[in-house]
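**Student:** One letter stands for each residue in the lines below.
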Amino acid sequence: MAFLQDPTIVVEWLRQLFLGWGLSPSLASLLLYVVGALALATGPLLWVIFLIWFERKAVARIQDRLGPNRVGPYGLLQPFADVLKLLTKEDIIPAKADKVLYWMAPILSLAGVLLLWPAIPLGKGIGGNVNVAVLYLVAVGTLSTFAILIAGWSANNKYALLGAFRTVAQMISYEVPIVLALLVPVLLARSMNLQDIVAAQDVWFVVAAPLAALIFFIASIAEVGRTPFDLLEAESEIIAGFHIEYSGMKFAMFFAGEFLHAFTTGVLGAVLFFGGWRGPGAEAYPLLGLFYLWLKAFLLYFVIVWIRGSFPRVRIDHLLDFTWKFLTPLALVVLMVTALLDKALAAAGPWARALGLLVANGLIWLVVQRWLRGVEKRLEPPMVAQPGQYPVARYTPPEPQAAEGD
Amino acid sequence: MVTTFVFVLTAAVMLVAALIAVLKDNLVHAAMGLVVTLFGTAVLFVLLESYFLAVAQVVIYVGAIAILIVFSIMLTRRVGAHWGRQTNATWPWALLTAGVLTVLFALMVRGWDPDAVLPAAAGVPEDITARLGAALVDPNGYVVPFEVASVLLLAALIGAVYVAWGGRKAEKETQG
Amino acid sequence: MVPLSWYLIVAALLFGIGVYGVLARKNAVAILIGLELMFNAVLVNVLAFWRYLQPTGTAGLVFAVVIFAVAAAEVAVGLALFIAVYRRFGSSDVDDINLLKW
Amino acid sequence: MDPTWVFIGVFFVLAPLLAAAPIVIGHYLGPHKPNPIKNDVYECGLKTVGDAWVRFKVQYYLFALVFLIFDVELVFLYPWAVAYDMLPTFAVLEGLLFMIMLLAALIYAWKREALDWYD
Chain A
20 MAFLQDPTIV
30 VEWLRQLFLG
40 WGLSPSLASL
50 LLYVVGALAL
60 ATGPLLWVIF
70 LIWFERKAVA
80 RIQDRLGPNR
90 VGPYGLLQPF
100 ADVLKLLTKE
110 DIIPAKADKV
120 LYWMAPILSL
130 AGVLLLWPAI
140 PLGKGIGGNV
150 NVAVLYLVAV
160 GTLSTFAILI
170 AGWSANNKYA
180 LLGAFRTVAQ
190 MISYEVPIVL
200 ALLVPVLLAR
210 SMNLQDIVAA
220 QDVWFVVAAP
230 LAALIFFIAS
240 IAEVGRTPFD
250 LLEAESEIIA
260 GFHIEYSGMK
270 FAMFFAGEFL
280 HAFTTGVLGA
290 VLFFGGWRGP
300 GAEAYPLLGL
310 FYLWLKAFLL
320 YFVIVWIRGS
330 FPRVRIDHLL
340 DFTWKFLTPL
350 ALVVLMVTAL
360 LDKALAAAGP
370 WARALGLLVA
380 NGLIWLVVQR
390 WLRGVEKRLE
400 PPMVAQPGQY
410 PVARYTPPEP
420 QAAEGD
Chain B
2 MVTTFVFVLT
12 AAVMLVAALI
22 AVLKDNLVHA
32 AMGLVVTLFG
42 TAVLFVLLES
52 YFLAVAQVVI
62 YVGAIAILIV
72 FSIMLTRRVG
82 AHWGRQTNAT
92 WPWALLTAGV
102 LTVLFALMVR
112 GWDPDAVLPA
122 AAGVPEDITA
132 RLGAALVDPN
142 GYVVPFEVAS
152 VLLLAALIGA
162 VYVAWGGRKA
172 EKETQG
Chain C
124 MVPLSWYLIV
134 AALLFGIGVY
144 GVLARKNAVA
154 ILIGLELMFN
164 AVLVNVLAFW
174 RYLQPTGTAG
184 LVFAVVIFAV
194 AAAEVAVGLA
204 LFIAVYRRFG
214 SSDVDDINLL
224 KW
Chain D
164 MDPTWVFIGV
174 FFVLAPLLAA
184 APIVIGHYLG
194 PHKPNPIKND
204 VYECGLKTVG
214 DAWVRFKVQY
224 YLFALVFLIF
234 DVELVFLYPW
244 AVAYDMLPTF
254 AVLEGLLFMI
264 MLLAALIYAW
274 KREALDWYD
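Protein chains in written order, with the numbering used here: chain A, 20 to 425; chain B, 2 to 177; chain C, 124 to 225; chain D, 164 to 282.
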């Protein structure tokens with residue numbers, strides 16, 4: 020029972036065990052860190068195997084298919100079969116590839132996602148307690164960007180390189196609204212430590228900053244490169260993007276990284292905007308907090324899968340316009356309004372503050388909606404239904420443009 | 002003890018990577034060397050307990066500056082083409098200058114250890130990031146560098162966009 | 124704790140390597156890489172001095188932050204020039220850009 | 164040394180190793196029968212067309228450039244947000260002025276069509 024109230028006693032027990040082996044205290048601490056890091060890293064890695072099954076099944080049901088259902092009950096063992104298959108595939112390395120970089124890219128890709136985990140608070144007193152955690156998340160995210168650039172480069176294939184350029188352009192473009200949206204919870208909690216941010220959420224930040232939450236969520240999906248923002252590796256249209264020359268386990272690592280990143284996005288959304296591990300009884304029983312965090316993260320992850328199953332892809336010019344001309348200015352305005360209003364409402368209680376910010380967010384959204392209507396009117400001629408006819412969307416082919424060469 | 006070990010390891014890796022960055026003919030490898038050096042600098046910052054600047058170093062240098070550099074290298078050459086020599090004919094003079102400079106610097110800083118009354122023992126305060134933030138907008142502190150930095154970056158953006166990109170129309174005209 | 128002079132010597136070596144890169148390289152981007160190494164050496168110096176001489180103040184940190192801004196501006200403009208030159212001359216070697224030599 | 168950062172250091176060593184393990188295992192479990200055609204560059208099942216040359220497109224560079232400027236400015240804003248409780252109203256306005264500069268940069272790039280994608 021003591022364990023349920025304070026899981027850290029396991030750490031103490033292990034430390035005593037290591038000391039009992041005759042290790043020096045500092046060496047015992049180091050060994051503890053290694054054990055902790057292994058536990059924290061293997062957990063998500065094994066969880067990915069389930070995620071792959073879940074996503075395939077969920078998307079299949081959305082699309083009115085059955086999904087994996089042959090291997091094991093409900094096809095649960097399918098991912099294991101896939102792993103076995105991938106493990107025994109031939110590891111092809113293109114003849115002219117840059118060998119070192121070619122090996123490094125998939126490792127970096129997965130490690131970049133795993134490295135997000137030590138910053139995440141998993142419960143009261145357990146998990147990450149990094150003083151600059153929010154920026155740490157952004158910093159680690161750059162590793163994935165580099166992985167893609169290296170992957171595209173090292174294979175010595177022009178299409179892979181082109182795919183990598185486009186993917187990186189997309190990723191860095193969407194990083195701007197993410198960094199802006201992350202500033203809002205930091206501002207509300209006055210701390211970059213995620214543990215403090217969770218502690219500050221007496222009222223979930225999604226109430227005080229719904230627009231920032233939405234921007235973070237959308238931009239994160241794009242950052243991970245999921246549908247509807249996955250046109251650079253659209254499996255059904257082009258063969259693949261930057262990882263075209265990868266096969267076997269290396270290829271699988273890119274995908275494992277993507278799936279884990281999607282789930283981690285859910286975790287981060289839960290921590291930043293949905294109260295993290297907080298919930299009834301989570302203070303007394305930290306493991307319950309872990310369960311709450313997992314539940315919230317899984318719901319958010321399900322929304323990501325749902326979006327994947329429901330939305331068509333966007334075009335690349337729309338994709339980049341969307342972040343630079345919509346999300347970024349919107350995030351800037353939200354940040355400014357939040358900063359001003361938060362100072363004005365400094366004396367008010369947490370609920371009054373949150374509701375004031377909520378109202379402000381609503382007003383911003385109304386203005387944005389009106390503005391979007393205006394833009395829509397300018398772009399599209401109004402569709403008028405003829406009597407006896409259903410309105411049909413008109414397709415006007417784009418004006419032919421002169422081919423451009425450089 | 003651990004700190005010393007990590008410091009020596011990081012410094013060694015950093016310097017080797019820096020050498021790769023300036024010696025390799027393959028510029029992509031050189032850029033990777035630069036990235037490792039930048040990362041090593043971030044590790045040194047962690048050892049110096051300025052955590053905010055360590056992550057800022059990774060976000061700005063590795064995440065943005067290095068990406069820009071790698072982009073520029075990859076955009077301006079043929080995939081798989083031979084790199085060729087990347088050094089000047091006058092490289093021995095460069096080596097001499099750099100060597101003399103380094104030796105002079107090293108000789109200069111050799112004895113700089115204010116060991117007896119080290120203020121370092123006071124340690125870094127917990128809220129150093131907040132203090133930095135307050136100092137950056139404090140009228141009696143560093144508000145001028147802060148605002149000048151924003152103007153500088155705005156000017157840099159305008160200048161860079163202006164130089165690199167003539168706008169869609171101009172672009173079409175020049176290329177016919 | 125590691126002595127202050129170790130940091131300074133590492134920074135000096137880094138700076139020297141950067142100087143060599145700037146002077147000996149042909150390609151404009153490679154020269155910028157050397158410049159970045161020099162900037163980093165300066166950053167290490169600034170933060171080492173901050174940590175050892177005035178860890179409770181913020182002067183060193185502000186200095187470092189301003190260096191970040193300057194480095195970013197320098198890279199942005201430098202690479203823009205490089206891109207413009209490359210598009211004009213089709214070459215990225217500074218040795219080839221010698222119109223003013225005549 | 165903050166123990167959290169020691170832990171992160173250990174993690175930085177272990178995470179790449181863990182990510183590399185399956186790849187290395189797969190490398191040795193799988194068959195090895197390389198041949199020139201298999202190891203050739205894959206381009207839609209056809210032979211490589213022409214010189215492997217990616218057309219130079221200044222757009223990529225422009226996005227990276229605007230991103231760089233934004234990134235640096237935003238990193239400046241984080242300490243400002245953390246220090247929010249210590250700030251008088253004047254200092255808050257300083258921060259807003261900073262953001263307005265950022266907005267100006269965005270509007271300039273927008274008007275210059277540096278943010279447009281075209282093929």
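Since the hints were made in silico from the structure, they are not lab data. As the structure is a prediction and not an experimental result, all values here were calculated from the model. Hints are not guaranteed to be accurate.
[Unchecked claim] Here are some of the chain A residues that sit facing chain B, going by a computed Cβ distance under 7 Å:
no. : residue
1   : Ile145
2   : Asn148
3   : Asn150
4   : Val151
5   : Leu154
6   : Val157
[What the hints assert, rightly or not] Just the calculated beta-carbon pair ranges, DEER-fashion:
no. : chain 1 : residue 1 : chain 2 : residue 2 : range
7   : B       : Pro126    : A       : Gly368    : 27 to 35 Å
8   : D       : Val187    : A       : Leu318    : 55 to 63 Å
9   : B       : Tyr163    : D       : Pro194    : 50 to 58 Å
10  : B       : Met109    : C       : Gln177    : 19 to 27 Å
11  : C       : Ala182    : D       : Asn202    : 55 to 63 Å
12  : A       : Ile326    : B       : Val152    : 35 to 43 Å
13  : C       : Gly213    : B       : Val152    : 33 to 41 Å
No residue lacks a Cβ here, since even glycine has one placed at the ideal position from N, Cα and C.
**Student:** Take the hints in turn and mark each one as holding or not.
**Tutor:** Right, here's what the structure says about each hint:
Taken as an interface hint, Ile145 (chain A) does not check out: its beta carbon lies about 21 Å from the nearest beta carbon of chain B, beyond 7 Å. Checking Asn148 (chain A) against chain B by beta carbon gives a least distance of about 12 Å; that is not within 7 Å, so the hint is violated. The interface hint given for Asn150 (chain A) holds, since its Cβ lies 6 Å from the closest Cβ of chain B, which is under the 7 Å cut-off. Hint status for Val151 (chain A): holds, given a least beta-carbon distance of 5 Å to chain B, under 7 Å.
Interface restraint check: Leu154 (chain A) against chain B, minimum CB-CB distance 4 Å, threshold 7 Å, status holds. Interface hint at Val157 (chain A): satisfied, since its Cβ lies 5 Å from the closest Cβ of chain B, which is below the 7 Å cut-off. Range check, Pro126 (chain B) to Gly368 (chain A): about 30 Å between beta-carbon atoms, so the 27 to 35 Å window is met. In this structure, Val187 (chain D) and Leu318 (chain A) break the distance hint of 55 to 63 Å, their C-beta atoms being roughly 36 Å apart.
Checked against the hint of 50 to 58 Å, the C-beta distance between Tyr163 (chain B) and Pro194 (chain D) comes to roughly 56 Å, which is consistent with it. Remark: the range hint 19 to 27 Å for Met109 (chain B) to Gln177 (chain C) is upheld by a beta-carbon distance near 21 Å. Taken as a hint, the range 55 to 63 Å holds for the pair Ala182 (chain C) and Asn202 (chain D), whose Cβ atoms sit roughly 57 Å apart. Look at Ile326 (chain A) against Val152 (chain B): about 40 Å separates their beta carbons, and that is inside 35 to 43 Å.
Range check, Gly213 (chain C) to Val152 (chain B): Cβ separation about 35 Å, and the 33 to 41 Å hint holds.
Checked against the numbered hints above, the structure breaks hints 1, 2, 8 and satisfies the rest.
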